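Engineer: Turn these sequences into a full structure, and let the hints guide you.
2 protein chains.
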Amino acid sequence: MSTKDQLLLYLKERKGDWVSGEALSNKIAVSRSAVWKYICKLREEGYVIESSPKKGYLFRKAPDLLLPNEIRQGLDTKVFGKRDIVYFTETDSTNTRAKDLAARGAPEGTLVISERQIKGRGRKGRSWFSPSQGGIYTSLILRPSISPSEAPKITLLTAVVVAETLRSLTGLSAIIKWPNDILINGKKIAGILTEMSTEMDSIDHIVVGLGLNVNTTDFPDDIREKATSLFIETGKYFPRVRFIQEYLKWYEEYYEIFKRTGFEPVIKRWKELTNMIGQQITVEMVSKKYFGEVQDIDKDGVLILKDNNGKCHRIFSGDVTLM
Amino acid sequence: MSTKDQLLLYLKERKGDWVSGEALSNKIAVSRSAVWKYICKLREEGYVIESSPKKGYLFRKAPDLLLPNEIRQGLDTKVFGKRDIVYFTETDSTNTRAKDLAARGAPEGTLVISERQIKGRGRKGRSWFSPSQGGIYTSLILRPSISPSEAPKITLLTAVVVAETLRSLTGLSAIIKWPNDILINGKKIAGILTEMSTEMDSIDHIVVGLGLNVNTTDFPDDIREKATSLFIETGKYFPRVRFIQEYLKWYEEYYEIFKRTGFEPVIKRWKELTNMIGQQITVEMVSKKYFGEVQDIDKDGVLILKDNNGKCHRIFSGDVTLM
Numbered sequence: 000m001s002t003k004d005q006l007l008l009y010l011k012e013r014k015g016d017w018v019s020g021e022a023l024s025n026k027i028a029v030s031r032s033a034v035w036k037y038i039c040k041l042r043e044e045g046y047v048i049e050s051s052p053k054k055g056y057l058f059r060k061a062p063d064l065l066l067p068n069e070i071r072q073g074l075d076t077k078v079f080g081k082r083d084i085v086y087f088t089e090t091d092s093t094n095t096r097a098k099d100l101a102a103r104g105a106p107e108g109t110l111v112i113s114e115r116q117i118k119g120r121g122r123k124g125r126s127w128f129s130p131s132q133g134g135i136y137t138s139l140i141l142r143p144s145i146s147p148s149e150a151p152k153i154t155l156l157t158a159v160v161v162a163e164t165l166r167s168l169t170g171l172s173a174i175i176k177w178p179n180d181i182l183i184n185g186k187k188i189a190g191i192l193t194e195m196s197t198e199m200d201s202i203d204h205i206v207v208g209l210g211l212n213v214n215t216t217d218f219p220d221d222i223r224e225k226a227t228s229l230f231i232e233t234g235k236y237f238p239r240v241r242f243i244q245e246y247l248k249w250y251e252e253y254y255e256i257f258k259r260t261g262f263e264p265v266i267k268r269w270k271e272l273t274n275m276i277g278q279q280i281t282v283e284m285v286s287k288k289y290f291g292e293v294q295d296i297d298k299d300g301v302l303i304l305k306d307n308n309g310k311c312h313r314i315f316s317g318d319v320t321l322m
Numbered sequence: 000m001s002t003k004d005q006l007l008l009y010l011k012e013r014k015g016d017w018v019s020g021e022a023l024s025n026k027i028a029v030s031r032s033a034v035w036k037y038i039c040k041l042r043e044e045g046y047v048i049e050s051s052p053k054k055g056y057l058f059r060k061a062p063d064l065l066l067p068n069e070i071r072q073g074l075d076t077k078v079f080g081k082r083d084i085v086y087f088t089e090t091d092s093t094n095t096r097a098k099d100l101a102a103r104g105a106p107e108g109t110l111v112i113s114e115r116q117i118k119g120r121g122r123k124g125r126s127w128f129s130p131s132q133g134g135i136y137t138s139l140i141l142r143p144s145i146s147p148s149e150a151p152k153i154t155l156l157t158a159v160v161v162a163e164t165l166r167s168l169t170g171l172s173a174i175i176k177w178p179n180d181i182l183i184n185g186k187k188i189a190g191i192l193t194e195m196s197t198e199m200d201s202i203d204h205i206v207v208g209l210g211l212n213v214n215t216t217d218f219p220d221d222i223r224e225k226a227t228s229l230f231i232e233t234g235k236y237f238p239r240v241r242f243i244q245e246y247l248k249w250y251e252e253y254y255e256i257f258k259r260t261g262f263e264p265v266i267k268r269w270k271e272l273t274n275m276i277g278q279q280i281t282v283e284m285v286s287k288k289y290f291g292e293v294q295d296i297d298k299d300g301v302l303i304l305k306d307n308n309g310k311c312h313r314i315f316s317g318d319v320t321l322m
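Chains as they are written, first to last, in numbering that gives the first Met the number 0: chain A, 0 to 322; chain B, 0 to 322.
In case anyone wonders, no lab produced these hints; they're calculated from the structure. Just so it is clear, the structure is predicted and the values come from calculations on it, not from any experiment. Fair warning: there could be bad hints in the mix.
Cross-link-like lysine-lysine pairs, in silico, DSS-like; alpha carbons within 27 Å at most [said to hold, decoys possible]: (1) B:14 / A:123; (2) A:287 / B:288; (3) B:287 / A:258; (4) A:11 / A:36; (5) A:298 / B:11; (6) B:287 / A:288; (7) A:258 / B:123; (8) B:11 / B:77; (9) A:258 / B:225; (10) A:310 / B:225; (11) B:123 / B:11; (12) B:298 / A:287.
So these bits of chain B aren't anywhere near chain A, every CB distance computed over 10 Å [said to hold, decoys possible]: (13) 22; (14) 51; (15) 63; (16) 89; (17) 197; (18) 198; (19) 215; (20) 256; (21) 320.
Where a beta carbon is used, it is the ideal one built from N, C-alpha and C, also for glycine.
Structural biologist: Following this line, the structure appears as structure tokens:
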């Protein structure tokens with residue numbers, strides 16, 4: 000932990016009490032003028048910390064920002080988020096940044112976060128609405144020892160992780176929509192964008208992007224009917240830092256299960272978290288379009304659709320409309 | 000064509016004759032002092048150009064370098080090499096450079112060339128011997144509209160292109176060894192490293208790296224028995240620029256065929272250029288090893304191996320040893 004983080008942690012632990020400059024200086028073993036510099040730095044980051052020549056320092060509140068030190072304090076993981084957390088106030092796309100870092104050798108578990116995205120992306124070059132403070136835009140770097148053909152499993156695993164996180168933190172009934180969306184009350188609250196870099200027969204890295212609407216109060220016209228946020232669903236502001244910590248914890252847990260025992264327990268849980276099986280849907284692919292009933296999602300995550308002539312189709316990826 | 004390239008082309012056309020500064024200045028419509036500056040620039044690049052206050056300029060010879068202007072002059076393609084040619088005297092790996100450029104939006108047909116690689120790479124992180132001037136180290140950016148699962152076809156297509164280029168330029172009997180090597184007289188003369196970046200269901204870009212031993216006179220101990228070069232096979236130095244031009248031309252031709260009519264004509268030619276079918280081989284994969292006879296390479300480029308018990312295995316990728 001950096002000296003600044005130590006100072007912050009100590010101040011937070013003493014929240015509500017004034018702490019003298021001398022006590023802080025002793026506690027973290029730096030000079031009193033160094034303490035003052037760290038306080039200034041924390042204030043620049045948005046922390047509200049009062050100071051008084053006589054009484055010392057008083058922690059008031061943390062900024063509503065996804066700062067790496069906020070995420071690390073109280074993060075209960077071994078690897079995810081314990082590597083670099085690369086933080087932007089604004090960037091083009093966290094996936095683009097993460098791919099760049101991964102190409103330069105960033106290790107598994109590296110996390111990219113931005114308060115806002117200029118070119119937030121969804122599947123097939125679609126945009127993802129990414130305003131300041133409303134949402135979580137984060138990308139995680141993975142380096143699994145699986146073949147490129149198995150990579151779609153990572154998207155399904157991520158969907159399970161996001162649904163588990165939402166359910167455990169909010170109690171809302173988050174539902175997975177194949178292949179990469181999470182719905183609450185039939186509206187999209189989160190999307191997953193998985194990208195990877197491979198040799199033909201081995202994965203170099205996978206970047207898993209998550210866009211989640213947390214405190215978003217409104218959406219643009221073209222998505223207002225289809226999108227929702229935790230704020231819209233509950234009427235309450237939601238601490239985003241807490242979500243990220245919980246997300247990373249669930250992610251590490253499921254990723255470990257996947258690596259240790261394979262995909263079976265993941266897809267089993269996936270099926271419990273979806274309501275698609277048995278539903279009538281339309282699937283649009285690049286050159287084809289099918290209508291029919293979802294029979295199953297098979298052990299590899301492939302959607303099995305029975306059309307009106309009773310013929311079954313194995314669908315690897317496409318745009319799904321629930322009827 | 001840049002003004003410098005125009006000047007170079009004109010001087011080359013008049014090779015053996017002195018050309019006056021005035022004639023050059025008129026021909027390319029710049030001042031005589033600008034002509035002088037271009038001549039200095041060309042000399043810095045390694046061109047030998049004589050000058051005389053009375054007679055003007057005399058083109059002697061081009062440097063033995065893979066300079067973009069040398070490649071472009073006489074390049075008979077529509078797209079490949081007509082986009083940016085990014086040239087390095089030395090770089091880590093042309094594939095790494097090309098992936099970086101592609102991630103930043105470089106278009107299909109962009110070419111990266113280096114005279115030397117510090118971290119020349121082969122499959123599975125193996126190194127590729129990449130000394131100055133001996134070889135060709137080049138990477139081509141492609142953006143095909145195919146699914147990620149079809150990408151291995153690009154490696155096979157590239158092998159056909161390299162074998163065609165070698166055969167048409169040298170008359171040597173270049174043979175393809177599945178999946179990504181080219182042999183002459185049983186020794187490796189070229190290797191192909193295909194890497195790609197994808198969303199789960201669509202390719203963003205493919206980078207095709209080629210390492211070819213051209214004028215290499217000797218190899219390190221560990222590969223001396225297995226590697227060869229055009230110089231070793233023929234006893235002659237070989238103009239590398241000519242190879243790149245011919246390679247790009249063949250590449251564009253086969254790539255067009257693949258896009259227009261599919262993979263069938265490519266794999267048909269591939270089979271004519273290999274001697275593997277019917278041979279006894281060992282294939283090593285990550286966790287398995289097979290020994291048997293090559294039955295076929297199927298329509299998707301998958302190797303079909305019949306083991307000693309008569310059982311057939313479909314092999315997508317692996318390390319092959321011919322027995």
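Engineer: Indicate, hint by hint, whether the structure satisfies it.
Structural biologist: Each hint, compared with the structure:
| no. | hint | result |
| --- | --- | --- |
| 1 | B:14 / A:123 | violated (53 Å) |
| 2 | A:287 / B:288 | violated (39 Å) |
| 3 | B:287 / A:258 | holds (19 Å) |
| 4 | A:11 / A:36 | holds (17 Å) |
| 5 | A:298 / B:11 | violated (65 Å) |
| 6 | B:287 / A:288 | violated (39 Å) |
| 7 | A:258 / B:123 | holds (21 Å) |
| 8 | B:11 / B:77 | holds (23 Å) |
| 9 | A:258 / B:225 | violated (38 Å) |
| 10 | A:310 / B:225 | violated (53 Å) |
| 11 | B:123 / B:11 | violated (44 Å) |
| 12 | B:298 / A:287 | holds (23 Å) |
| 13 | 22 | holds (50 Å) |
| 14 | 51 | holds (51 Å) |
| 15 | 63 | holds (32 Å) |
| 16 | 89 | holds (19 Å) |
| 17 | 197 | violated (6 Å) |
| 18 | 198 | violated (5 Å) |
| 19 | 215 | holds (24 Å) |
| 20 | 256 | holds (20 Å) |
| 21 | 320 | holds (17 Å) |
Checked against the numbered hints above, the structure breaks hints 1, 2, 5, 6, 9, 10, 11, 17, 18 and satisfies the rest.
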